[in-house]
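**Q** Chain residues, written in single-letter form:
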Amino acid sequence: MLFRDAFKTATRSLTHGKMRSILTMLGIVIGIASVIVLMSIGQSAQNLILGKVQSIGSNLVIITPGAPSGRGFSPPAAAQGILITSLLQRDVDALRREPSVSAAAPLVSGQAEVVYGNNNKTVSYQGVTADMFSVRNLTVGKGNTFTKGDVDSANHVAVIGPDLANTLFGPALNPINKIIRVKNVSFRVVGVLSNGGTGAFGVDQGNMVLIPITIAQKQLLGISYLNTILVQGNPSYDIEFVKSRITFALRQDHGIIDPKKDDFNIQTQADVLSILGSITSILTLFLAAIASISLLVGGIGIMNIMLVAVTERTREIGLRKAVGATNNDILQQFLIESVLLTFVGGVVGIALGAAIVGLVYFVLTTFFSIGWVFAFPISAVVLGLAVSGISGIAFGIYPASKAAKKNPIDALRYE
Amino acid sequence: MIEIHSLKKEYLEEETPTQALRGVTFSIERGEFVSIMGPSGSGKSTLLHILSFLDRPTGGSYKFEGRSIDEMTDQELAHVRNKNMGFVFQSFNLLSRLSVHDNVEIPLLYSDTPPNKRRALVEEAVRSVGLEEKLHTEAGRLSGGQKQRVAIARALVTDPDVVFADEPTGNLDSQSGLQIMEILESLHEKGRTVVLVTHETQTAEFADRIIRMKDGMVESDKLITANRIHRSTLK
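These protein sequences, in sequence, are chains A and B. For the first sequence, my numbering begins at 1 and goes up steadily by one. For the second sequence, my numbering begins at 1001 and goes up steadily by one.
Not one of these hints is a red herring.
In the SDA-like style, the derived pairs of lysine to any residue whose C-alpha atoms are separated by at most 25 Å in a straight line are:
id: 1; chain 1: A; residue 1: Lys405; chain 2: B; residue 2: Asn1093
id: 2; chain 1: A; residue 1: Lys405; chain 2: B; residue 2: Gln1090
id: 3; chain 1: A; residue 1: Lys405; chain 2: B; residue 2: Ser1091
id: 4; chain 1: A; residue 1: Lys52; chain 2: A; residue 2: Phe133
id: 5; chain 1: A; residue 1: Lys142; chain 2: A; residue 2: His156
id: 6; chain 1: A; residue 1: Lys405; chain 2: B; residue 2: Glu1010
id: 7; chain 1: A; residue 1: Lys406; chain 2: B; residue 2: Gln1075
id: 8; chain 1: A; residue 1: Lys405; chain 2: A; residue 2: Ala10
id: 9; chain 1: A; residue 1: Lys405; chain 2: A; residue 2: Arg12
id: 10; chain 1: A; residue 1: Lys406; chain 2: B; residue 2: Val1080
id: 11; chain 1: A; residue 1: Lys405; chain 2: B; residue 2: Leu1048
Covered stretches of chain A, as calculated for chain B (at least 3 residues, CB under 8 Å):
id: 12; segment: 1-15
id: 13; segment: 316-325
id: 14; segment: 408-415
Worth flagging that the hints you see were computed from the coordinates, not collected in a lab. None of the values given here were measured: they were computed from a predicted structure. Don't be surprised by glycine CBs; every beta carbon is placed ideally from N, CA and C.
Make a model of the complete structure from these sequences and hints.
**A** Structure representation (structure tokens):
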């Protein structure tokens, strides 16, 4: 039998029982739509997260103290409560001498209560140099950043995040030149950052306090080492080359010969992206796996209805066999029917999924002002179509082979 | 064309073996019109099913056009059914929601007839049973006699060598039954082999040979050419 004829026969019997076909398809429609929606939401969340990381700039290198963790991601040594003192100001100076390095900005950080009048909030503060602002693309909305002079002379000045400014001063007061206390040390506010939200380093930028690193080290933390060095690679060099130059410079500075004994850890934006990317991909797949349970239920519905159809059409099968249909012809006819059911269901499911994703996008951006990115991955569409087609075969093969194996004479006699 | 020798068919009915055919031997030549008669349970339908390749014997031999059924696969049997045999059933076995055209076309779907030649073949077969007006009518809307004529058209559309008819008039009034038998007779006159199973003597006598069955064996096998001559003079 020609495929064309088998296809025509199948569509004819499906359109004959329209209501039944539609209800059967509904299971697949819902299954595919939920896979699409969850994959799309996962993809959007991934884009949102990766977008944040990308905003730190592709030529940024992050150096943290402690031994490299080898492959994969592990939290910095400091976050694990291990006190590592291997990064020092002279490392920064050494890096600044590298031609492949545009800027090297040291950073120390801690948590402290920030007080103004009766208002207070516990936030994280960062001791930085003036070039940190340019390295991290931080801009001030009000006032100014502090200067190299402020850092060198350890002036008591601070730049704070907009949310913190609002908490401490309210909307009415101008924070500039007000005196706040951080860990009981007085600082004069010289600037308020223009953008809030969670930054690329997982720090709540809206509630951040930036002070000169000299003060932070001496008066707030009482340390002389650094927590992090941010390096901006020279854009005319490849980032991997920059990374290798930094490694070389730091090893030389630390007198390390055996690479296994490195006491510093270098990550580029690409490293962070790939780690975050793989985490969010796993999450997306996990979501899709949950959604595919409904697909399974839909598939069983298809199998059930196909089994009913085979029984109902026993005499038809007998007749077709009597006039020359082979087992394969019958198998083909019923398989096409079930694949058609699931495939059309899949297409409708993809459309429904796209509509839901669009609605989610509309609601999130319009009513919640979330910078949600509309993501409708082609992979989800391809996967949806493939899965629906394959489930048609998987759930149709048993009823179809049952039909094909019928003995013509028994089938013709069936009442 | 058809040669059977000591043909046996045994069924298992509730675990007790039942012998439907206990050794049947005869042959049918090309162009014959044969009626197989007998009371119910005589094995006549079982015999027809085996002759028409819808079932296999459990003993003895059956050669169709010199080929033994034992040497053929199910697929080959299906191919022969499609190409060389036509079927007319007591209960018509039309697909009621399809049109007359689509019902008659079914055997062609399983043949190697190119799609562009099918329409003409279907129309010719439908014309030969006088239903060209009903070509696009749903089969379910036809009368019993018309349904059986569609079934005959379906049997003829592949231009088979032999037409098997299993109680073709069983569900019809006598007038429609007569029409059906006249069509079968005209097929025979055009040189086709027709094998008919019936329990009605009147119907059986359209044939020029009657094989009577009883208890799974041939009771008698008679040529009745005289009847035919008599009938044609009446006409």
